[in-house]
Amino acid sequence: MANQLGKRLECKECGSEVLCTKAGEGAIQCCGINMQLKKPVALPTAD
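In short: position in the sequence shown from 1, add 2, done, that's my numbering.
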């Protein structure tokens with residue numbers, strides 16, 4: 003899995019989050035498992 007610059011990843015085990023600051027190959031791990039991409043959060047509208 004290639005890591006993409008600016009993407010946030012989270013650990014499903016402990017809830018830690020990381021921000022990718024350098025793109026590259028490989029997998030980021032925490033608690034012995036690969037971290038998953040965090041889903042984007044919709045911002046409220048200003049209407």
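Just so you know, the hints here were simulated from the structure itself, not pulled from any lab data. Check the hints yourself; a few may be wrong.
[What the hints assert, rightly or not] Cut-off 25 Å, straight-line C-alpha distance, at most; resulting in silico cross-link-like pairs (SDA-like, lysine to any residue): (1) K40 with I30; (2) K9 with A25; (3) K24 with D49; (4) K14 with T47; (5) K24 with E12; (6) K41 with E19; (7) K14 with G34; (8) K9 with K41.
Hints breached by this structure: 3 and 4
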